[in-house]
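> Whole structure, please, built from the sequences with the hints as guidance.
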Amino acid sequence: MREGCALVTGSARGIGAASATALAAEGWPVAVNYRSDADGAEAVAETIREAGGRAETIQADVRDPAAIAELFKDLEERFAPVLVVVNNAGIRADGLAPQLGDDEWERVLETNLSAAFRVTRRALKPMIRARFGRVINIASVVGPRANAGQANYAASKAGLIGFTKTVAVEVARRGVTVNAVAPGYVETQLTDGVGNGLLEAIPARRAGTADEIATCVRFLASEDASYVTGTTLTVDGGLSA
Amino acid sequence: MPAQATTESVEQVIFDGLKELGAEGEVARSSTFEELDVDSLDLVELAQIIEDEFGVSLQGEDVKDLRTVGDVIDLVVARSQ
Chain A
9 MREGCALVTG
19 SARGIGAASA
29 TALAAEGWPV
39 AVNYRSDADG
49 AEAVAETIRE
59 AGGRAETIQA
69 DVRDPAAIAE
79 LFKDLEERFA
89 PVLVVVNNAG
99 IRADGLAPQL
109 GDDEWERVLE
119 TNLSAAFRVT
129 RRALKPMIRA
139 RFGRVINIAS
149 VVGPRANAGQ
159 ANYAASKAGL
169 IGFTKTVAVE
179 VARRGVTVNA
189 VAPGYVETQL
199 TDGVGNGLLE
209 AIPARRAGTA
219 DEIATCVRFL
229 ASEDASYVTG
239 TTLTVDGGLS
249 A
Chain B
30 MPAQATTESV
40 EQVIFDGLKE
50 LGAEGEVARS
60 STFEELDVDS
70 LDLVELAQII
80 EDEFGVSLQG
90 EDVKDLRTVG
100 DVIDLVVARS
110 Q
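Which chain is which? The protein sequence lines are A and B, in order. Each residue of the first sequence is one higher than the last, beginning at 9 in my numbering. Each residue of the second sequence is one higher than the last, beginning at 30 in my numbering.
Note that these hints are calculated values from the structure, not bench results. Honestly, I wouldn't trust all of these hints.
[Unchecked claim] Lysine-lysine pairs mimicking BS3-like chemistry, simulated, CA-CA at most 27 angstroms apart:
#1 133/A with 93/B
#2 93/B with 48/B
#3 173/A with 93/B
#4 133/A with 173/A
#5 133/A with 48/B
#6 133/A with 81/A
[What the hints assert, rightly or not] Reference excerpt, derived from the structure (chain B facing chain A, CB under 10 angstroms, subset only):
#7 69
#8 70
#9 73
#10 74
#11 76
#12 77
#13 78
#14 80
#15 81
[As the list claims (entries may be wrong)] Restraint ranges, calculated between C-beta atoms of paired labels, are given here:
#16 118/A with 45/B: 39 to 45 angstroms
#17 232/A with 69/B: 25 to 31 angstroms
#18 94/B with 129/A: 19 to 25 angstroms
#19 64/B with 46/A: 53 to 59 angstroms
#20 46/A with 100/B: 45 to 51 angstroms
#21 84/B with 213/A: 55 to 61 angstroms
#22 94/B with 86/A: 37 to 43 angstroms
#23 114/A with 99/B: 40 to 46 angstroms
#24 84/B with 246/A: 51 to 57 angstroms
Remember, predicted model here, so these are calculated numbers, not experimental data. Idealized CB from N, CA, C, for every residue including glycine.
Dropping the structure here:
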């Protein structure tokens, strides 16, 4: 096992929590990052520890560039250098484009896209030095695909996929891979109230689970995925097929 | 604590760094990165080595006009003062 840890942003619940747990099961010490849900994060860390893994909770609002700098410094000093990053922290603020406020636009872009850029920028330098790194961006089928009421969310996720591809080619020759996972409809707090009537459109006729996304994250973080980079792994029960 | 950045110490770290990054041939102050076959990603990594060693952070704007090894040495020494 490499000397390093996995950082999962926004992992107090949902796909982030499942990803943190899956990476810990793979042997990675995991930094469970959260913004406001300290109890949720602690519960995730506790689950990991009970299963014999290593986990630390770490508070940081990834929208704040100074908090990102502090987060990495803290992890490097008292935990381990970050060799796996899962950019998972995400929000939605829905509305039809004519009614979407500047604030709703900016908050979503800032959290889902700009924060992922800043976390990745900071993480890449030590990864390049280590000749190993894994960046996994949690995108969405919304972005490559339309979803009325989510112009801001779709723009952020499509942006994340474009970002993934270009960064991947920049660092590929240093053993650092950068990929995206694009979940379809997964039942989490984020998708509360979204599901009504959608299941009919999903070929699998059911919502996905956070664990079904996390298992893909775990694969992309593994040594087995060393030649997979710049790609987007769609996990949507056939929705966008 | 970052090391004291003297011309000699910076030169040593940069020469060693460039060799580690697979620079081709003899490294001298007058060598251009093109001659050494050092590409933009190598320069990013060299900037990281410099930051770790001397605490001097070099960003995009700083490095884009650097052509020779001497240019980098002078910049790092100047920045660390």
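> Any hints this thing doesn't respect? Which numbers, in order?
No hint contradicted; all consistent.
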